[in-house]
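Given the coordinates of chain A, assemble chain B onto it according to the supplied hints.
The listed protein sequences derive, respectively, from chains A and B.
Per my numbering: the first sequence = residues 1 to 116.
Per my numbering: the second sequence = residues 117 to 227.
Keep in mind that the hints were calculated from the coordinates and are not lab data.
Positions of the beta carbon are idealized from the N, C-alpha and C atoms, including for glycine.
Possibly wrong hints are sitting among the right ones.
Said to hold, decoys possible - If you want the ones that stay clear, here's a sample from chain A, every Cβ over 12 Å from chain B, calculated:
1. GLN11
2. THR13
3. SER27
4. LEU39
5. ASN52
6. LEU84
7. ARG95
8. LEU116
As the list claims (entries may be wrong) - Computed Cβ-Cβ distance ranges for the label pairs, DEER-style:
9. A:LEU116 <-> B:ARG166: 25 to 33 Å
10. A:ASN52 <-> B:PRO227: 44 to 52 Å
11. B:GLY132 <-> A:ASN51: 31 to 39 Å
12. A:LEU116 <-> B:GLN125: 27 to 35 Å
Stated by the list, open to error - Chain A side only, calculated, beta carbon under 10 Å to chain B, not exhaustive:
13. GLN6
14. VAL19
15. TYR31
16. ILE38
17. GLN41
18. LYS42
19. LEU46
20. SER48
21. SER58
22. PHE65
23. ASP86
24. PHE91
25. THR104
26. GLY108
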Amino acid sequence: EPEVTQTPSHQVTQMGQEVILRCVPISNHLYFYWYRQILGQKVEFLVSFYNNEISEKSEIFDDQFSVERPDGSNFTLKIRSTKLEDSAMYFCASRTTGGGSTDTQYFGPGTRLTVL
Amino acid sequence: SQQGEEDPQALSIQEGENATMNCSYKTSINNLQWYRQNSGRGLVHLILIRSNEREKHSGRLRVTLDTSKKSSSLLITASRAADTASYFCATGLYGNNRLAFGKGNQVVVIP
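Next up, chain A with everything else stripped away, as it sits in the complex:
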């Protein structure tokens, strides 16, 4: 069964460093997402991406964050200058259709980011 994959599973970085989290969505999916979950807290929406552009972003997704689909399979989240409070599990998700929010979002296993 197709699934969303994410690499690395765990990333440790120093405060102020740039990190890139990678995701390979399910191949025929059209919408891509990033969410994060700070330890012990809710899963929070960061950004959605469709047709090679951001379709929606949350207030968390500030200028330090960016997303890119560099080729036909990968979807990346970049944090330019990491802060301690960026430590969280980051989830990538994808879904099939191009309109509304009617369809299931399939999540990857997550990347645990630890900022020291």
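Same frame as chain A, but now just chain B:
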């Protein structure tokens, strides 16, 4: 912003018993989805119920949706030790991409 809220927060049951957890939300929704998360792991999609549906079944799972009360319940029948996990509801709005997640229910099934 739209958010789901689960209740109760933690549930401990014996294997074979049923587990019920609830979720409430504040505004109109397009759909509501339930996910499972094993400790420190990814989110596994369990079931999606649309706003025009009242009940849905998938294996040992039964989900209800009451849009007049803005609430949903997830029932796991004949629980197994492998059902031990956190369960989250997430609401999807009309014309909106994002899912809004609740705080999650921790379910422990004792063998």
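I'd like to know which numbered hints this structure contradicts. Please list them from smallest to largest. Hints 4, 7, 9, 11, 14, 16, 22, 23 contradicted; others consistent.
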